[in-house]
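Following the hints, position chain B against chain A.
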Amino acid sequence: MTVVPETLDQRFRDAAAASGLLDVSYDVADTPVGPLLVAVTDAGLCRISFDADRDREAEALARGFGARVLRAPRPLDRVKRQLEEYFEGSRREFDLPVDLRGRSEFSRIVLEQLARVPYGEVTTYGSLAARTGRPKAARAVGTIMNRNPIPIVLPCHRVVGSTGSLVGYGGGLERKRLLLDLEEAPV
Amino acid sequence: MEAVSVPPFERFYEENRNAVFGHLVRLLGRERAEDAFQETFLRALRGYARLQHGRHLKAWVFTIATRVAVDDARKRRAESPVAREPVHEEERPAYAQLEHLADELPEKERAAVVLRYGYDLPYDQIADALHSSEEAARQAASSGVRRLRRRLT
Numbered sequence: 582m583t584v585v586p587e588t589l590d591q592r593f594r595d596a597a598a599a600s601g602l603l604d605v606s607y608d609v610a611d612t613p614v615g616p617l618l619v620a621v622t623d624a625g626l627c628r629i630s631f632d633a634d635r636d637r638e639a640e641a642l643a644r645g646f647g648a649r650v651l652r653a654p655r656p657l658d659r660v661k662r663q664l665e666e667y668f669e670g671s672r673r674e675f676d677l678p679v680d681l682r683g684r685s686e687f688s689r690i691v692l693e694q695l696a697r698v699p700y701g702e703v704t705t706y707g708s709l710a711a712r713t714g715r716p717k718a719a720r721a722v723g724t725i726m727n728r729n730p731i732p733i734v735l736p737c738h739r740v741v742g743s744t745g746s747l748v749g750y751g752g753g754l755e756r757k758r759l760l761l762d763l764e765e766a767p768v
Numbered sequence: 002m003e004a005v006s007v008p009p010f011e012r013f014y015e016e017n018r019n020a021v022f023g024h025l026v027r028l029l030g031r032e033r034a035e036d037a038f039q040e041t042f043l044r045a046l047r048g049y050a051r052l053q054h055g056r057h058l059k060a061w062v063f064t065i066a067t068r069v070a071v072d073d074a075r076k077r078r079a080e081s082p083v084a085r086e087p088v089h090e091e092e093r094p095a096y097a098q099l100e101h102l103a104d105e106l107p108e109k110e111r112a113a114v115v116l117r118y119g120y121d122l123p124y125d126q127i128a129d130a131l132h133s134s135e136e137a138a139r140q141a142a143s144s145g146v147r148r149l150r151r152r153l154t
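Protein chains in written order, with my numbering: chain A, 582 to 768; chain B, 2 to 154.
Okay, chain A solo, but in the shape it has when bound (with noise of 0.2 angstroms):
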């Protein structure tokens, strides 16, 4: 069987993505907390994921997004970039927008308070929950912790519960472990 040759495969994935007819581009990023999947929009950085099944995350980001979804890594430089610098400890904040289409009113709310959390620093589920005017909504704000599409850009891992146990992670505790032991974080 003929195999489309290397180079002709990522000359296509560039035109692709330059042709501006792709509703998702994405691409894996190597970190130390392993490979993530992410992704971006025309509107801007839409998911960054630790599920390796690519399937499984194209899958889902055709239904979110559209169905022309495309691995295609050009469009990601700008974000893998970022990601190398915070992970090499020189960036402290991301200077990437995002695309938060498909979430309620109350999730995009609550992921802009969350954006707010400074780097090193921890805030409570609660306290987060206060600062979105609903300060019973604690449980709430954990769900949407939990399912965050962004996470380390939209900071989750800063978010503990009330006596200061790192409670839950989308990502697996040893994961937000090691993001708030590189920030230095007082937990």
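Note that these hints are calculated values from the structure, not bench results.
All C-beta atoms in this analysis are idealised placements derived from N, C-alpha and C, irrespective of residue type, glycine included.
Keep in mind that a hint or two might mislead.
[Stated by the list, open to error] Capping the alpha-carbon separation at 20 angstroms, the derived lysine to any residue pairs in SDA-like fashion look like this:
id, chain 1, residue 1, chain 2, residue 2
1, B, LYS59, A, ASP590
2, B, LYS59, A, VAL585
3, A, LYS661, A, LEU677
4, B, LYS109, B, LEU52
5, B, LYS59, A, LEU677
[Claimed, not checked] Footprint (simulated), chain A over chain B, 3 or more residues, beta carbon under 8 angstroms:
id, stretch
6, 12–21
7, 37–47
[Claimed, not checked] Label-pair ranges, simulated between beta-carbon atoms:
id, chain 1, residue 1, chain 2, residue 2, range
8, B, ASN19, A, GLY742, 32 to 42 angstroms
9, A, GLU587, B, SER144, 40 to 50 angstroms
10, B, THR64, A, THR724, 40 to 50 angstroms
11, B, ARG68, A, ARG697, 46 to 56 angstroms
Just chain B, lined up with the frame of chain A:
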């Protein structure tokens, strides 16, 4: 019929790229197949958002690839009508020999003859491309050939 949703483009591309490339190499030769490959999948990408379901995707992309190859051949003929290198009969792709012969056949028979004897596609894929059964594809090809033979002898 059961709804088949359109898969992510990545999966469609992964599943079809090698077969499409092989098809184009057979039609155009290795070098020209590379440009035609890119054009085929860019056209597919352009049409992808309008697909209503995920059935017959292989036949769909083979049809696009065949059209790209025919466009490419036409363009080359138009660009260099004089300077065209003489082509030895045995080096001409099989479909080129059938193309003009098959012109006068009814549409379905022409498609079946060209796909079978020109592109060497198996009957199940021809059936896919023609949206018919394998048996109907086989019959269309053989009655097309009978009709051609009558015309040529």
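A quick look at each hint next to the structure:
no.	hint	verdict
1	B:LYS59 with A:ASP590	holds (18 angstroms)
2	B:LYS59 with A:VAL585	holds (16 angstroms)
3	A:LYS661 with A:LEU677	holds (11 angstroms)
4	B:LYS109 with B:LEU52	violated (24 angstroms)
5	B:LYS59 with A:LEU677	violated (38 angstroms)
6	12–21	holds (count 5)
7	37–47	holds (count 6)
8	B:ASN19 with A:GLY742: 32 to 42 angstroms	violated (51 angstroms)
9	A:GLU587 with B:SER144: 40 to 50 angstroms	holds (44 angstroms)
10	B:THR64 with A:THR724: 40 to 50 angstroms	holds (47 angstroms)
11	B:ARG68 with A:ARG697: 46 to 56 angstroms	holds (53 angstroms)
Hint violations for this structure: numbers 4, 5 and 8, all remaining hints satisfied.
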